[in-house]
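Participant: Please work from the sequences and hints to get the whole structure.
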Amino acid sequence: MAPLDHGAPADARSAATTRTIAVDGNEAVAMVAHRLNEIAVLYPITPSSPMGELADDWSAHGRENLWGRIPEIVEMQSEAGAAGACHGALQAGALVTTFTASQGLLLMIPNMYKIAGELTPFVMHVAARTVATHALSIFGDHSDVMACRQTGFAMLASGSVQEAHDFAAIAQAASLRARIPFLHFFDGFRTSHEIARLEPLDDETLHALIDDEAVAAHRARALTPDRPVVRGTAQNPDTFFQAREAANPFHDACPGHVRAAMDALADATGRRYGLVDYVGDPEAERVVVMMGSGAETAHETVDRLTAAGEKVGVLKVRLYRPFPAEDLIAALPATTRRIAVLDRTKEPGAVGEPLFLDVTAALAEHMATAEAPRFAAMPRVTGGRYGLSGKEFDPPMVKAVFDALAAERPPARFTVGITDDVTGLSLPVDATFGGEPEDVYRAVFYGLGSDGTVGANKNSIKIIAAETARTGGHAQGYFVYDSRKAGAVTVSHLRFAPRPIRSAYLIGEAQFVACHQMALLERYDVLAHAAPGATLLLNAPHAADAVWDTLPTEVQEAILAKDLKVWTIDAAAVAKEAGLGRRINTIMQTCFFELSRIVAPEVAIGRIREAIEKTYGRKSPEIVRRNRSAVDRALDHLYRVAVPKAPSATRRRPPPVPETAPDFVQRVTAAMLAGHGDGLPVSAFPPDGTWPTGTAQFEKRNIAAEIPVWDPAVCIQCNKCAMVCPHAAVRVKVADPAALAEAPATFKHVPYRGKEFGEAAYMVQVAPEDCTGCTLCVAVCPAKDKADPKHKALEMAPHADLVAPERENFAFFLDLPEADRAAVPQTAKHVQLLEPLFEFSGACSGCGETPYIKLMTQLFGDRAIVANATGCSSIYGGNLPTTPYRADRHGRGPAWSNSLFEDNAEFGLGMRLAVDKAMESAQALVLALADRLDDALATGLLTVDQHDEAGIAAQRERVAALRAALAGIDDPRARALDAVADYLVRKSVWIVGGDGWAYDIGFGGVDHVLGLGRDVNLLVLDTEVYSNTGGQQSKATPLGAAAKFAMAGRAIPKKDLGMAAMAYEHVYVARVAFGAKDAQTVKAFQEAESYRGPSLIIAYSPCIAHGYDLAHGLDQQKAAVDSGHWPLFRFDPRRLAAGQKPLQLDCGPPRIPLSDYTRNEARYRMVERQDPERWKMLLKAAEEDVRLRWDLYSYMAGFSEAPADDATAPAAD
Amino acid sequence: MDLSTRYCGLALPHPFVAGASPLSETTEGVKRLADAGAAAVVLPSLFEEEVREEQLATAAAFDFPSESFGEALTYLPEPPGMATVAERHVERIAAAKAAVDVPVIASLNGTTDAGWLEHARAIEAAGADALELNIYFVATDPEEPGSAVEDRVVAAAAHVRRAVTIPVAVKLSPYFSSLAHLAGRLEAAGIDGLVLFNRFFQPDIDIEALEVVPRLRLSDPSELALRLAWLGILSARLRTSLAVTGGVHTVDDAVKALMSGADAVQTVSALLRAGPHHLSVLRAGLARWLAEHEYDSLGQMKGSMNLRRCPDPAAYQRQNYRRMLHSWRP
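Going down the list, the protein sequences come from chains C and R. Using my numbering, count along the first sequence one by one with no gaps and you end on 1213. Using my numbering, count along the second sequence one by one with no gaps and you end on 330.
If you're looking for bench data, these hints aren't it; they were derived computationally from the structure. Any given hint might turn out to be false.
As the list claims (entries may be wrong) - With a Cα cut of at most 25 Å, we get these calculated SDA-like pairs of lysine to any residue: (1) C:K784 to R:F47; (2) C:K645 to C:A528; (3) C:K790 to R:P214; (4) C:K614 to R:E87; (5) C:K1176 to R:F47.
As the list claims (entries may be wrong) - With beta-carbon atoms standing in for the labels, derived distance ranges: (6) C:R1151 to R:E87: 31 to 41 Å; (7) C:E577 to R:A315: 47 to 57 Å; (8) C:E1184 to R:E87: 22 to 32 Å.
What you are looking at is a predicted structure, and each value in this text was computed from that prediction instead of being measured. Think of the CB as a built atom: it goes at the ideal place given N, C-alpha and C, for glycine as much as any other residue.
Facilitator: This is the structure:
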């Protein structure tokens, strides 16, 4: 799925002739699974999603399985649903697979017991990923698969891309024969996303592995009315136990089937695997036992150590369940004295981690029972943890384990790869045991997601793998992505070697380092990756002879110390000339080949040109032309930089966070930001996952090329710019003019046009280092200069010219007092004067979700508690290193947590229950102590109206008075009341998530929580697709739109979640789109929050997955409303109680054709482009649906035209 | 009455050609026009900008957001067989060609000659009987002399002419300093026909929003005069065939155009107003007019009032202008 060379040589059939391809682990597995199955039922979850997507893509392109059928790929509402559907399809005799990871795998467990208990051939492929505990992590470890070891599934572990490909086939072959279902797993990201050279299994080889009779036998066991049987009975104490034991022979025979399949594969391909494989000195004394990609790193290290004469070895466990105890004993050298079993999981409270326990038990049993024990004495076994959440596991760590085993008293339990200064479990690691073999060419590239670096590197790997395959060359690529989406940084790690590469860890020192964006040199220690004498390639917007002087001291010193050969190109200029915008990828790729000479440059450039043609040729000859022109010009702009003898810079790199940041941020956050998080010791961390909020403000990323400039003379003070800013980087304020006396010279302000704050000054201020340059503020700005209407009150201008003065201005702006919340009128325009308590998140530039969250924090943030479903909003809301939710100057702000994807409504409900209980306690205690409190105070505390800011403020004052009074009361009840007094101030519970949660995986909970009637506010950020995992369809995906798993365009209207909620009659429901009518959005939030029952706000959220430039997001929101795709309404049960129609429509009937809305977005356009006739049909159906829905709503609202009420007036008035 | 005419090497039973419009956008529409008696149908243009913009937008939507974020390496699926604007256009030509017997004239609208050739070849391969190049260009750059604009027009036309074997017509704007000279150069480049003139969809201004807004206005008969003048001038000098477009609404309008030297009469606005049926009204009306005025055939009338043959050639030149001004003197 790379932007370059899109899946090109990945076709297994063409590969059969070339015999070698370069793909990632997910594709390697999917290539087998797609050919061996007829149905895949799944649910997307990182990092397994690409397997399902590829399968869907291939089926959509008509690719057949081994039996000439096109596999059917079905996306479900959750992994639990997928497992159920797999179970059903298996029962009905189909060949079925699924792909999953982590929480998804956990949701499948109940069905896994069933599938295994019924002796069903089935393979699930798992990109093993951390299970969320104190935090979510998308990265790889074995905590998910280890949670399944008791299900009865066989478990097979792959350690590399080739193994993942081969074991996918072995698992299926063995499962069919053994009738035991298999969980085939490989390390998430490290293997699933690593690109490596692969010798693919051709159809013939693959088919030879599969026993057709076993397939027939599976089908013969199908539930069918033609041969009726019953399964899934209920059994009782008399029989269950025996029946359970009846399956033993199948489990006992399973390893034999795996061995047979492995042998058959070896005969066909020469690649030989065992249930366990030992590598190392045949007379080793110290042995490491482990599974997965780490075993490859151990293998590489053992090769080095044994070459140096050390008696060491590694035993790779392939088949983990059924545990091959005998094979393991037999594979260990008889000389083994000490064993370290390494687990990539943590099982708190256990005697040891699972693999350790298995190995220990196997050894103990063997030594106790064998007639001729293999070892002279029971080897000493020690258990260690490594690599949780994809933590690096590299040769120095392997060496540290062997060193520990060599100690007189090896630690009984240990960790490796971290510094544990709390429980002291970690092994010391000698980092100088570094360096990779000289025959490995290593290259590291720093780039931005938007410049295409990763895509070009993926393509380079394919080129090199193909060009060097004949001489046995291997290639490997691994990519480190950003956890932020706007201005995302990518680091590519590429290795090339004349032999297999087993290095499942990041590159330490490289012979080639490229920095595709100069700004990254300021933020990261890029040159730490440079080996002495390495080549450094810079993309610098300077002449070659000027580049040196732009570098900070640290960089100059590193260049000199390491004697780097420095080259530079102004790739941005070349790209601009070629019409490629920021896409410098093919230009830098050309320079890489020229400088690295891994492949003759002219050959490589020819292949780059082919790849460009293959990638863009069909869909975009214009892009082909532009890229080719860029490639042709690139080398003319590549220059060697003359390096002086000594550094000459007068500036150092700026610190990652300002010196004024709090201590925790200085110690912990700053290290994480600088890329040094790996070095932080255990003691640096909160042990329970609790982190401070408001740390995003300390990371100044400066990612915008242009930022808005305010012209107060033109401004009409409508505040719309602040409303739409997704990153809270445009702020408005009113202040006492006297406070501006000390303002910086360039600080702008004008007299405030309203009278609400007396004689006040008004200002619009940009956060210059936090703006992402999305231009939405300029797009929304209605104020035009009469003489020059092109000129608006906000205009984009180069960041470089503005950042210094505006940084100072923004700091001054922040220091000005905030408006008195109680004095701010509650109109859409005025509420923008309230401080946002959500700022500078990592959301995409132009994100359509974040303005809603920001608005919620402005209105209620100082008393809000947020339950956030997993998804985009939990990632930009809570993905470390920094946190965007923040407190106000009183220390109050949103308290935020993420539980899971599927349970968010329930999670938030729990918060409400607790908050209500606390309030109830507080009220009871006030009542109990009433005679010792001031009458008016006690009465006020219990009866106050908190429906507005003034009421809230008054109650806060009363609570303060209460606390003062309680201090003088010597009564345990007073202490108890003091502890809960804050709950007397009304709390606002927000349950936030995307459509994937609300419409699909969490719908059951959403429905139930709405049905319970408690006072919670559900905010559904509806992007109409699974945004965070990359655009898979949800039940919110509109009729006619394409998405992954709905490639031909969804043929069913999106679920009307609002209508479903309205059916309850006690639920406040609103459908909003801030870009179409911000006043209605604000009104809906206010009404939802003030309603003392459940509220549901469904918010239209433009998303990058819609396929258009989000700079036009506001226009698209308008078009969505005007076309009737997104009617705006509010349904208020309070109106029902007052005898009014509860539903109010806040927009008129559709007044533009639906196609005026759909034609602007690629998700619709691609349907038309695939099949114009189908599109016509879908569009017609969608138009009909729009009409029907409008008729229904207007009928319910009791009129056919939009009402003219206050919510429909524009805020600018 | 013999109404036959030759336009761009195509033998037409009569001169009324349905010009490019929404009516000819779909195969059914083309069929309706042919059934209504169009001598030929011009299909809507493939716009150079549309082709380019679609390609850039596709890359921007599919490729540019990719490979940035570990959980979502891409955001949109890439379905099989996603046809480009150009491919869909060519498919429509083939479908139209298969649906009707009358000549189908495709058209290309652009400002540069880059990228035209492949489209022109594809259009030819799809079976179009002729190709109309709409070289639509508003010269706003004060640095660019008129001669450079003309050179570009001629070069673009010549490239396409060499690339295909079907007849090629060029649709011109009237805004050239020496239209007759330019027309001569186009004829020398082998262009088979000229279409006079394209109509600029000139912008309008939204005085409330302070925005320039595009506005489509249908033609009216007042626009005919300019075309008559140039038909008269060019038909006197050139052998290349000429079509009029813009302003022909009635039989009398058509007669004037034909007398001025048009070989074919393209109508759009009249058909949009009155429906395809209007074609047969025009055809019958022309036959009746010729019969009533005792013409033998259309051929006898074509060009009879052009600069070479009209009784008062001065009327096409400066004298006419002078006389007109005098006649307005109070």
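Participant: Take the hints in turn and mark each one as holding or not.
Facilitator: Hints and how they fare:
no.: 1; hint: C:K784 to R:F47; result: 32 Å, violated
no.: 2; hint: C:K645 to C:A528; result: 20 Å, holds
no.: 3; hint: C:K790 to R:P214; result: 17 Å, holds
no.: 4; hint: C:K614 to R:E87; result: 18 Å, holds
no.: 5; hint: C:K1176 to R:F47; result: 22 Å, holds
no.: 6; hint: C:R1151 to R:E87: 31 to 41 Å; result: 33 Å, holds
no.: 7; hint: C:E577 to R:A315: 47 to 57 Å; result: 53 Å, holds
no.: 8; hint: C:E1184 to R:E87: 22 to 32 Å; result: 29 Å, holds
Checked against the numbered hints given earlier, the structure breaks only hint 1 and satisfies all the rest.
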